[in-house]
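Residue numbers (the numbering used here), protein chains in the order written: chain A, 3 to 274; chain B, 37 to 296; chain C, 64 to 217.
Errors might be hidden in some of the hints.
Per the computed footprint, the stretches of chain B lying under chain A, defined by three or more beta-carbons under 8 Å from a beta-carbon of chain A, are [what the hints assert, rightly or not]: (1) 124-131; (2) 173-186.
Result set (SDA-like, lysine to any residue): computed pairs, CA atoms no more than 20 Å apart in a straight line [unchecked claim]: (3) K173(C) with S121(B); (4) K120(C) with G62(B); (5) K120(C) with S230(B); (6) K37(A) with L9(A); (7) K84(B) with T66(C).
Simulated from the structure, these hints should not be mistaken for lab results. Glycine residues also receive a C-beta, built at the ideal position from the N, C-alpha and C atoms.
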Amino acid sequence: MLETADLIVDLQQVTFTRGERTILNNVDIRIPRGKITGIMGPSGCGKTTLLRLIGAQLKPDSGRILVNGQDIPRLGREELFDARQHMGMLFQSGALFTDLNVFENVAFPLRVHTHLPEDMIRDIVLLKLQAVGLRGAINLMPDELSGGMKRRVALARAIALDPELMMYDEPFVGQDPISMGVLVRLIRLLNDALGVTSIVVSHDLSETASIADYLYVLGDGQVLGHGRPDELMNSENPRIRQFMQGEPDGPVPFHFPAGNYVDDLLQKERQP
Amino acid sequence: MSSILDRVAGLGRSGLGVVEAIGRSGIFLFQALAGRSRYGNGFSLLLKQLYSVGVLSLAIIIVSGIFIGMVLALQGYNILKDYGSEQAVGQMVALTLLRELGPVVTALLFAGRAGSALTAEIGLMKATEQLSSLEMIGVDPLKYIVAPRLWAGFIAMPLLAMIFCVVGIWGGAMVAVDWLGVYGGSYWGNMENSVQFGADVLNGLIKAVVFAVVVTWIAVFQGYDCDPTSEGISRATTRTVVYASLAVLGLDFILTALMF
Amino acid sequence: MRTRNLELTVGLFILAGLLALLILALRVSGLTLSPNGSTYTVYAHFDNVSGLTSRSKVTMAGVTIGQVKSITFDKNRYTGLVEMAINSDVNTLPSDSTASIVTAGLLGEKYIGISVGGDDMVLRDGDEIHDTQSALVLEELIGRFLLNTVSKDD
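One chain only, chain A, in its complex shape (with noise of 0.2 Å):
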């Protein structure tokens, strides 16, 4: 079903921790190239700590996180800025460049990467502001920008040096559903037409389920499941299937953990 053979990323027995909590426990995850992987589950379960832990801006406490073969954590620095070459990240809010037009913004992994002719450097930009729709916002600022134009540009900045993986960091929180559709419509054509992988972390049920060729539902520092979208969708499994329903109570509690109820109604009454 799976090929281990051609795997972009392949995460073995990671493990994180932040002080006293475990993020992710010793889990196993494997990126198919060429397709789009869906990383989904509650809030705070280590969905952003995977990406980073991929990027190599964190390192795991155990494991080996394998991209392209190279175990990343180990790399040297060297190493390390010639693999990101090949990485794109799409942050949750865009993260463009405050202090540089939209230009420049696009511009930049190019600059840093490689030592292209300014001619040639412009024609790049164009084309990847054009894949994104933005072309004619070539001139503005950034806080001329609404939000979901800020993400386009985001994106074209993050696929300006054509990389192999591409990862989104909760691409679609608090878009309106037109933005949402053209992000969906991006991100399909970048995986269809350039054979880019992606790895979408989300907790948006719908949009990810649409989109992704394989999903990976994490929580508790757990792999909870994974398989295709319609495998995950008649899971046996309760707790996909509560995340998977988007069931309100199951193993995921809608209390809160507190004391009895009737105790703590009287002790109200008892207070002055």
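Once you've looked at the hints, dock chains B and C against the given chain A.
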């Protein structure tokens, strides 16, 4: 009983937290300053920061300097009048400014204006994930964002302190000579005789440099280390101003004891 | 264009700061750029040098002609030995000139005033001024005043 123990434990924890923070800030400083940035024209980045940290602080420094110089001359005259030593007001203004008020007040004003701006700017970059973006693209934010701001502070603040002293002395001259009638020759002559370049001007400059390093370091670190939320940023900004001010005043005492 | 303006303003700012330093050095602290080599050394012993410090002025007729270089304690004569650096072009000081430690104003600093003598021989490098008048100490003054008052009452 156990609450006292809890409090002590809490104190110990925050004490350890402070030590950890100091350690983090030391590593932070070292990593930012050591080595060169892989990308980015370091000079033009520095230039931009010098503008925003130095040039834009000129207004408050000059205005404060003039006023403080004027007040010094006014108060000094009133006090010295009783001893028949009004002619000494020139050297009083100059020595006070050069040895103490110049470096200290400049540092405090700098911490409030430029320091808090630096903290807020870097904190905001952290909160909007710009620092993470830089990392993902392969640029070290410590070298690209933090280092130019550090160097700009180290260079700009001592210059501002010198400007502060000069406009202060000039403001004092305006009050003493033009208004209070102290003989111009005495004002400048006595000053020139009693102010020593090595002991006074140079020591004041050394103080200014030390303060510049401490204030800029604190400002930049608080921004980098803050909680990436809006309260986190505002708390960090407050911390910058408070810690930097306390550090400056404390160091001033130590340096004064050592130098004078 | 914007960078040009930026560079200009920052350059001006740095120049202003350095200029301030220069002003402080030259005008405010009187740092002179002339070499210190054109002086000659003259010594003087004082019973009491209180208040005099190195770099204090040495004047004659109110004009500064030199500087105190160092003050040390003479173990043999139990006096303060003051080493003065006099400008080389003031080389006609008679060797019986007087050196007194005087105060500038009530709270002022101490400096050395040299009064001219009448001798034909002049002071040369390494010579000593023998006629000296020590600093006035406030307590002695008060004591003398009280003594005078008491003796007047008799």
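Going through the hints against the structure:
1. Here the region 124-131 of chain B counts 0 residues with a CB under 8 Å from a CB of chain A, which misses the bar of 3, and the coverage is violated.
2. Check result for the region 173-186 of chain B against chain A: holds, 3 residues qualifying (beta carbon to beta carbon below 8 Å, three or more required).
3. Under the criterion of a C-alpha separation no larger than 20 Å, the hint pairing K173(C) with S121(B) is consistent with the structure, at around 14 Å.
4. For the given pair, K120(C) sits about 48 Å from G62(B) by alpha-carbon distance, which is inconsistent with the 20 Å threshold.
5. For the hint linking K120(C) to S230(B), the alpha-carbon distance of about 10 Å falls within 20 Å, and the restraint holds.
6. The hinted pair formed by K37(A) and L9(A) meets the criterion: a straight-line CA distance of about 10 Å does not exceed 20 Å.
7. Restraint check: the Cα-Cα separation between K84(B) and T66(C) comes to about 9 Å, which is no more than 20 Å; the hinted pair holds.
In this structure, the hints that do not hold are numbers 1 and 4, in rising order.
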